[in-house]
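Student: Below, each chain spelled out in residue letters.
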Amino acid sequence: MGSMTLYVEKNSLIHHLDPLVKLLYVAASIALTYILPEPLFIAGVLFITFLLLVVGKVFRNSLPIVALSMVLIFSLVIVQGFFHPDNATELFAIGPVVFYEEGLTVALGLVLRVLVMVGAFSVLILTTRPDEMVERLIKKGMSPKIGHVILSVLQLIPQMRATMGKITDAQRSRGMETEGKLLVRIKAFFPLIGPVVLNSLNETKERSIALEMRGFDAPGKKTFLNEEKIYPYNKQFAGMLVIIILLAIVWRVIG
Amino acid sequence: MSKNKRSMWSVKLSTAAIVLIPAAIGINYLGKLFASLLRLPLWLDSIGTVLASMLAGPIIGAASGIINNIIFGITADPISTVYAITSGAIGLTVGIMAHKGWISSIQKAVVVGLVTGVVAAIVSTPLNMIFWGGQTGNIWGDAFYTFLISTNSPQWLASFGDSIVVDVPDKVVTVLISYFIFKGLPNSLTNIYRQDSEIEEI
Amino acid sequence: MSTIEVENLKYRYPDTTKLVLNDLNFSVEKGECLGIIGENTAGKSTLCYALAGLVPHFYKGAYGGKVTVNGLVVRDHEIATIVENIGLVFENPFSQMTGAKQTVYEEVAFGLENMGLVRQEMHTRIEKYLKLLAVYSVKDKNPFDLSGGQMQRVAIASVLAMEPEVLILDEPTSQLDPQGSQEVFEVIEELTKGGMTIILVEHKMDKIAQYADRVLLLHEGRQVDLDTPENIFSRGDLTDFGLTPPVVTTIAKALGIQYPGTKLYPVTIEEFKRLGEDK
Numbered sequence: 001m002g003s004m005t006l007y008v009e010k011n012s013l014i015h016h017l018d019p020l021v022k023l024l025y026v027a028a029s030i031a032l033t034y035i036l037p038e039p040l041f042i043a044g045v046l047f048i049t050f051l052l053l054v055v056g057k058v059f060r061n062s063l064p065i066v067a068l069s070m071v072l073i074f075s076l077v078i079v080q081g082f083f084h085p086d087n088a089t090e091l092f093a094i095g096p097v098v099f100y101e102e103g104l105t106v107a108l109g110l111v112l113r114v115l116v117m118v119g120a121f122s123v124l125i126l127t128t129r130p131d132e133m134v135e136r137l138i139k140k141g142m143s144p145k146i147g148h149v150i151l152s153v154l155q156l157i158p159q160m161r162a163t164m165g166k167i168t169d170a171q172r173s174r175g176m177e178t179e180g181k182l183l184v185r186i187k188a189f190f191p192l193i194g195p196v197v198l199n200s201l202n203e204t205k206e207r208s209i210a211l212e213m214r215g216f217d218a219p220g221k222k223t224f225l226n227e228e229k230i231y232p233y234n235k236q237f238a239g240m241l242v243i244i245i246l247l248a249i250v251w252r253v254i255g
Numbered sequence: 001m002s003k004n005k006r007s008m009w010s011v012k013l014s015t016a017a018i019v020l021i022p023a024a025i026g027i028n029y030l031g032k033l034f035a036s037l038l039r040l041p042l043w044l045d046s047i048g049t050v051l052a053s054m055l056a057g058p059i060i061g062a063a064s065g066i067i068n069n070i071i072f073g074i075t076a077d078p079i080s081t082v083y084a085i086t087s088g089a090i091g092l093t094v095g096i097m098a099h100k101g102w103i104s105s106i107q108k109a110v111v112v113g114l115v116t117g118v119v120a121a122i123v124s125t126p127l128n129m130i131f132w133g134g135q136t137g138n139i140w141g142d143a144f145y146t147f148l149i150s151t152n153s154p155q156w157l158a159s160f161g162d163s164i165v166v167d168v169p170d171k172v173v174t175v176l177i178s179y180f181i182f183k184g185l186p187n188s189l190t191n192i193y194r195q196d197s198e199i200e201e202i
Numbered sequence: 001m002s003t004i005e006v007e008n009l010k011y012r013y014p015d016t017t018k019l020v021l022n023d024l025n026f027s028v029e030k031g032e033c034l035g036i037i038g039e040n041t042a043g044k045s046t047l048c049y050a051l052a053g054l055v056p057h058f059y060k061g062a063y064g065g066k067v068t069v070n071g072l073v074v075r076d077h078e079i080a081t082i083v084e085n086i087g088l089v090f091e092n093p094f095s096q097m098t099g100a101k102q103t104v105y106e107e108v109a110f111g112l113e114n115m116g117l118v119r120q121e122m123h124t125r126i127e128k129y130l131k132l133l134a135v136y137s138v139k140d141k142n143p144f145d146l147s148g149g150q151m152q153r154v155a156i157a158s159v160l161a162m163e164p165e166v167l168i169l170d171e172p173t174s175q176l177d178p179q180g181s182q183e184v185f186e187v188i189e190e191l192t193k194g195g196m197t198i199i200l201v202e203h204k205m206d207k208i209a210q211y212a213d214r215v216l217l218l219h220e221g222r223q224v225d226l227d228t229p230e231n232i233f234s235r236g237d238l239t240d241f242g243l244t245p246p247v248v249t250t251i252a253k254a255l256g257i258q259y260p261g262t263k264l265y266p267v268t269i270e271e272f273k274r275l276g277e278d279k
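In order, the protein sequence lines correspond to chains A, B and C.
Mapping to this note's numbering: the first sequence position 130 is 130, numbers consecutive.
Mapping to this note's numbering: the second sequence position 102 is 102, numbers consecutive.
Mapping to this note's numbering: the third sequence position 63 is 63, numbers consecutive.
Don't read these hints as lab results, they were simulated from the structure.
Check before you lean on any hint, since a few could be wrong.
[Stated by the list, open to error] The list that follows gives simulated cross-link-like pairs (lysine to any residue, SDA-like), each with its CA atoms no further than 25 Å apart:
#	chain 1	residue 1	chain 2	residue 2
1	A	57	A	69
2	C	193	C	231
3	A	145	C	60
4	A	205	B	198
5	C	66	B	198
6	A	145	B	96
7	C	193	C	134
8	B	32	A	190
9	B	108	B	164
10	A	140	A	223
11	A	205	B	190
[As the list claims (entries may be wrong)] Rough simulated footprint, nothing fancy, chain A against chain C, three-plus residues with beta-carbon under 8 Å:
#	stretch
12	52-60
13	69-82
14	97-103
15	107-114
16	155-166
Glycine included, C-beta positions come from ideal geometry on N, C-alpha and C.
Turn these sequences into a full structure, and let the hints guide you.
Tutor: Structure (structure tokens):
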């Protein structure tokens, strides 16, 4: 049973970057879409983001993640397209439904921004091992306990998924109805979730005992088994991102 | 009471409370899976956060909510990261109300659910405005948004309406389910998450 | 000074009225293996928690008396300090995995990282204890992909790697299949031979008879008896405490096979055979 991660093992320039630099890229690219909100400019940021995905050899892996946001994107285009308060200029009509230029422009900006967000996140999560990122963050001052929580969740979710399969089968074989009227389905929710909740809460008790017995609460300084990776041009990349943000702000203020 | 107040906001987190966070996130996930398996018209994806708040107070509840969304953001659905703040607020609200005695009966639990739903909507509205011009991406919510916009309501109100039709029913049901589970837990289990116990000498 | 000293130990869980541990007094010497037996309500696990500091620090509740482990008064120190002196392994192997580590190797490292050991020392200890517990071959596997017996041995390795003076095993095989149990008991045998101080809680009386130097019999939180396995299992009133002696002892009683000049029955097959042949 593995860990829940979208990380794709490849050898690329992006994979060797410091996770913190990639995290900074996520923040910077989203910030840029707000500092300079013109669609053309956001499209530029999006282009760079896609370029990074390609350099990281994970462009194809990012498509399912982008697909997840499609519902939101469609909803944005349709609703803003014909209901935005500023709508005045009719662009085209499908039957009785009229699309307006103003609304579609707003929608385009929003959609591009959603794509930048999803794309930048994809750069981070597809090319970074979760434990590498967590260890980096701990070394930069994040509480090791929070780090532990994050890594445990990543392992716990696949286990829960497996448990769910077992429970569903067990309850079905006892004749529980998962189909039918709403009330029937609501009633089915309890026997499904009840046992797992009890089980996992009981497990927290035992696991906290086990963690205590392994010095989890030790007040002294923690050490790390894994040696720290050396990241090339770390400061340069981080500095570059900060400069770009500053330039964008200056541009916005002057222009 | 003053002692209780201190403990509710205690920053020193016990190991049991820390271990509760991943369990809560797992329960959130499972609630969501079962709800979609049974095609229920609700998300039910915050049962764990609500339970953690009831068991270990607002801080752990909020932490469960925030970490929940960040993790789903970095592993499955980047958009969910945006709502980390909302999830945190849900944890805080339930944690504080539970501590003040609002989960002593079903009627009170319903009130907790209503308040939580409204808080969630209030927190989500500015997020929805900032990120996607006011919508939520939920079909029912966005339909209501469209209706409000078409009656010339201001955008922020439409956006708030969009959130509230989705959040209030969901949170009432979520809090009720969590309430029933919480009431069924044995003392020996609920004890370990409390931060206020002292050792008595005999 | 004994490795473990327990004086007038009393304990009650929070929000309860009954003492789970009621005036216990005993000590354990270095290198000794103490077996603890009794019914489910006897307080065996609670006693283990009290030795490891989980009672009172983790569970809180009402506490009286004094427990000293390796010269350390448990009541006065944090669990993180106590665990460098005493380790605890319990029945469920699954929940003893930290859940945050990807490989068995890293799993064992967890406690050592918390102790703040330098990297070289960590590697040395991890290799040593993975080999000792015969789980070196699975060092790169995810802990949750192991069999129950393997997982439990990783749990033991993880605790031993912290090099405590005493190891507590609280029903370490009760959730394992026969194969897994056998694997774990082989390890326990190695450890007792190696001179480790061990506290063993176990339902399988033949295993207690085989490994324990002395046996502590608990009932309803009280200390009924503390003696050699032969003395404990030769008692006529074991059923009053919900216990049955090892099969060997029961057969010996039926056949009247005793240590000459005593009222004691053999508790292991080896002794049974020896006495039987003499007769």
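Student: Name the hints, by number, that the structure is in violation of.
Tutor: Hint check: nothing fails, all pass.
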